[in-house]
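Chemist: Below are the chains, spelled out letter by letter.
Protein chains: 2
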Amino acid sequence: MNNFDFYSPTYFVFGKDRENEVGSYVKRFGGSKVLIHYGGGSVVRSGLLDCVKKSLEEEKIPFVELGGVKPNPRSGLVYEGIDLCKKEGVDFVLAVGGGSVIDSSKAIAAGVVYDGDFWDYYQGKRIEKALPIGTILTIAAAGSEGSPDSVITNEDGMFKRGATGDAIRPKFSILNPALTQTLPAYQSAAGVTDIMAHLYERYLTNTTEVEVTDRLIEALLLTMKHEGPRVIDDPNNYDARANIMWAGMMAHNNSCGVGRTQDWASHDIEHELSALYDCTHGAGLAVTMPAVFSYTMNHNVMRFAQVATRVWGCQMDFEHPEVTAKAGIEAFRHFLISIGMPKNFEELGAKEEDIPKLVDVLCNGDGRGGSVGGFVSLNADDCTKIYQMMV
Amino acid sequence: MNNFDFYSPTYFVFGKDRENEVGSYVKRFGGSKVLIHYGGGSVVRSGLLDCVKKSLEEEKIPFVELGGVKPNPRSGLVYEGIDLCKKEGVDFVLAVGGGSVIDSSKAIAAGVVYDGDFWDYYQGKRIEKALPIGTILTIAAAGSEGSPDSVITNEDGMFKRGATGDAIRPKFSILNPALTQTLPAYQSAAGVTDIMAHLYERYLTNTTEVEVTDRLIEALLLTMKHEGPRVIDDPNNYDARANIMWAGMMAHNNSCGVGRTQDWASHDIEHELSALYDCTHGAGLAVTMPAVFSYTMNHNVMRFAQVATRVWGCQMDFEHPEVTAKAGIEAFRHFLISIGMPKNFEELGAKEEDIPKLVDVLCNGDGRGGSVGGFVSLNADDCTKIYQMMV
Chain E
1267 MNNFDFYSPT YFVFGKDREN EVGSYVKRFG GSKVLIHYGG GSVVRSGLLD
1317 CVKKSLEEEK IPFVELGGVK PNPRSGLVYE GIDLCKKEGV DFVLAVGGGS
1367 VIDSSKAIAA GVVYDGDFWD YYQGKRIEKA LPIGTILTIA AAGSEGSPDS
1417 VITNEDGMFK RGATGDAIRP KFSILNPALT QTLPAYQSAA GVTDIMAHLY
1467 ERYLTNTTEV EVTDRLIEAL LLTMKHEGPR VIDDPNNYDA RANIMWAGMM
1517 AHNNSCGVGR TQDWASHDIE HELSALYDCT HGAGLAVTMP AVFSYTMNHN
1567 VMRFAQVATR VWGCQMDFEH PEVTAKAGIE AFRHFLISIG MPKNFEELGA
1617 KEEDIPKLVD VLCNGDGRGG SVGGFVSLNA DDCTKIYQMM V
Chain V
1267 MNNFDFYSPT YFVFGKDREN EVGSYVKRFG GSKVLIHYGG GSVVRSGLLD
1317 CVKKSLEEEK IPFVELGGVK PNPRSGLVYE GIDLCKKEGV DFVLAVGGGS
1367 VIDSSKAIAA GVVYDGDFWD YYQGKRIEKA LPIGTILTIA AAGSEGSPDS
1417 VITNEDGMFK RGATGDAIRP KFSILNPALT QTLPAYQSAA GVTDIMAHLY
1467 ERYLTNTTEV EVTDRLIEAL LLTMKHEGPR VIDDPNNYDA RANIMWAGMM
1517 AHNNSCGVGR TQDWASHDIE HELSALYDCT HGAGLAVTMP AVFSYTMNHN
1567 VMRFAQVATR VWGCQMDFEH PEVTAKAGIE AFRHFLISIG MPKNFEELGA
1617 KEEDIPKLVD VLCNGDGRGG SVGGFVSLNA DDCTKIYQMM V
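Sequences listed follow chains E and V, in order. For the first sequence, position 133 matches number 1399 in our numbering, and the numbering has no gaps at all. For the second sequence, position 316 matches number 1582 in our numbering, and the numbering has no gaps at all.
So here's chain E without its partners, still in its complex pose (with noise of 0.2 Å):
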């Protein structure tokens, strides 16, 4: 196991009716002027955005609104939103919504007390500084609820990137499984997806001798193979919403992850899918990942082969490993089209032709230096294989 520092100070607050509290959680971390960020019409809609005020009035404290968070966030909302602040006076970012809206959020908290230009932090600068934020999450999916991290897509060019740093980790998460029960079917399928994703990322290792990350990252699959299949069923099956939330967030706090090399091969090589396309970043993930995994299976067929006994249930083919690793491939790929995921870039949205552009932003593009993932380093010939894989 490779030394490590884990931190995760978010304040979660899980269960029904709890984003009724939210005001008082401002208030314990030091908000006294709040902007209230989301996106769409659904959580007008769903009277969640006028609970949250009231709850804010209650405790006398004052804030402002944007709205209009697309999936996929984008640059031109987050400057929108820094200016926004520094002009009311905020000291408060509340996220109300997914991991886009948290996303967005992070980058306006980190933007509003930085002097330079906040895309600085997705070409690699950390940050330091930011804001304190709260979230109240109606998607289990990024994550970001109780991650450091924060994706952004440039609209100067189209491209994804990421920043991190402990100053964007939210002071408090509200956690509520019934907020996500009015999502469509597709969109729970990808959220089950990006969560797998995350946990997959950190499966895929070249450091040895992990087990109890090994077990919990399975635990946590095991997790999303039960439920997922359950909230499809069911939308309104509010235990397996709650058991996918948690599952959710402990997918990507780190706490599965510590003490290893990690991979994020699959979600750098779907950043320009979703990016490009503006697919929804979990449907993307089911076409990258099983190409993915086929074309680095060799690196480590015990691996593979590993995941597929504990999680996938395939029997070990002693003598021919590599037949027990790509069942368990296999067997991922089938989960995901089960769950009504995309296959290919054709039920993606995504074009044949636009591969060498995808490979070329992916690999050469801003803040890249030539290849991707940590399990095996992919360069610009191995992503076009990989994209050829999918089509």
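What the hints contain is simulated information worked out from the structure, not anything from laboratory work. Check each hint, because a few of them may be wrong.
[Said to hold, decoys possible] In silico lysine to aspartate or glutamate, EDC-like type, Cα no more than 20 Å apart, as pairs:
| no. | chain 1 | residue 1 | chain 2 | residue 2 |
| --- | --- | --- | --- | --- |
| 1 | E | K1293 | V | D1432 |
| 2 | V | K1293 | E | D1432 |
| 3 | V | K1326 | V | D1357 |
| 4 | V | K1282 | E | E1475 |
| 5 | E | K1336 | E | E1475 |
[As the list claims (entries may be wrong)] Selected chain E positions facing chain V (in silico; Cβ < 7 Å):
| no. | residue |
| --- | --- |
| 6 | N1269 |
| 7 | F1270 |
| 8 | D1271 |
| 9 | P1275 |
| 10 | Y1277 |
| 11 | F1280 |
| 12 | E1477 |
| 13 | R1481 |
| 14 | L1482 |
| 15 | H1492 |
| 16 | A1508 |
| 17 | W1512 |
| 18 | A1513 |
| 19 | N1564 |
| 20 | M1568 |
These figures come from a predicted structure and were not determined experimentally. Here a beta-carbon is modelled for each residue, glycine too, at the ideal position from N, C-alpha and C.
Based on the hints, put chain V in the right spot on chain E.
Modeler: Chain V in isolation, oriented as in the chain E frame:
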């Protein structure tokens, strides 16, 4: 799943040689005068104490020392520590040792800033305020390095009671697995047992539909099942020590126990044994748990069958689930014996004739309401039978 709050803000510093950084973490978390609290001579002989002092001196942080913490830490030394801190103007408590040292440090840190008798907290008053605490862990067992809990033995009657509160969660904990390599096999095995007990106490729940936390607990039990025997066979196996050390923290910071009722009958029943006979807590648990589980098994046979199949590799007997449930308890019992733990009162040094006294203090003593356990409520009669099963 039940509603819950989860908060684990401790900064974890994990790996080889990390104890050399202690001064910088004390500084970061606001310590300007430190009490170094420790146990016996092992931290002196190993050179760890010198290393801690050197790191504090490098940061120009003055300190005072208080050694002498015994396993099953006593109230007398806590009073002494509180007086010392007040006299010397200490504003940070640094625990260097295992769970006993950390628990004693937590009691001192809470007592220094409390006007009344610190024992009030161990009679049910929640700890809301304490000096900041840091730890350098030398035994993987208690999980106190990441928990809001402390257990102290009251010398006025020799009984153990616990206190809790987020205020006594360590600000930072330094976990170097190499520091645990010198631990004798018996103490290592007792640590393994204690960690597994923290998992079973959470596993035995009356809350249904908690797949995610079930799976996480099973993951950590599987880790202990794999790594426990490896450290007994080879005390210098760094990686096995490392996996156990992280599992020990995760087993008790409650990330795997949220949203569900928990049991804690085994801990309560054991505490009277280690208080009276001064045996090692983990060794007492090794004798207690199989008895408690056998006694309560029929309350939920399927729960015991689940852990039997998922952790202990038992084949599910679908016609007779109780056969599988029992096989799982027996497998755990044999596992504990295989790593060198005692199997009955005699091996533990406990006496059958003391059972009435044990039961009386357990059920009717200071702060108790006549029964223990959250899985099955066990009254004095039940506890008598359980102690008798351990003879």
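Chemist: State for each hint whether it applies.
Modeler: To see whether the hints hold, each was checked on the structure:
no., hint, verdict
1, K1293(E) <-> D1432(V), "18 Å, holds"
2, K1293(V) <-> D1432(E), "18 Å, holds"
3, K1326(V) <-> D1357(V), "15 Å, holds"
4, K1282(V) <-> E1475(E), "15 Å, holds"
5, K1336(E) <-> E1475(E), "41 Å, violated"
6, N1269, "3 Å, holds"
7, F1270, "5 Å, holds"
8, D1271, "6 Å, holds"
9, P1275, "4 Å, holds"
10, Y1277, "5 Å, holds"
11, F1280, "5 Å, holds"
12, E1477, "5 Å, holds"
13, R1481, "4 Å, holds"
14, L1482, "5 Å, holds"
15, H1492, "6 Å, holds"
16, A1508, "4 Å, holds"
17, W1512, "5 Å, holds"
18, A1513, "5 Å, holds"
19, N1564, "25 Å, violated"
20, M1568, "16 Å, violated"
Hint compliance for this structure: hints 5, 19 and 20 are not met, and every other hint is.
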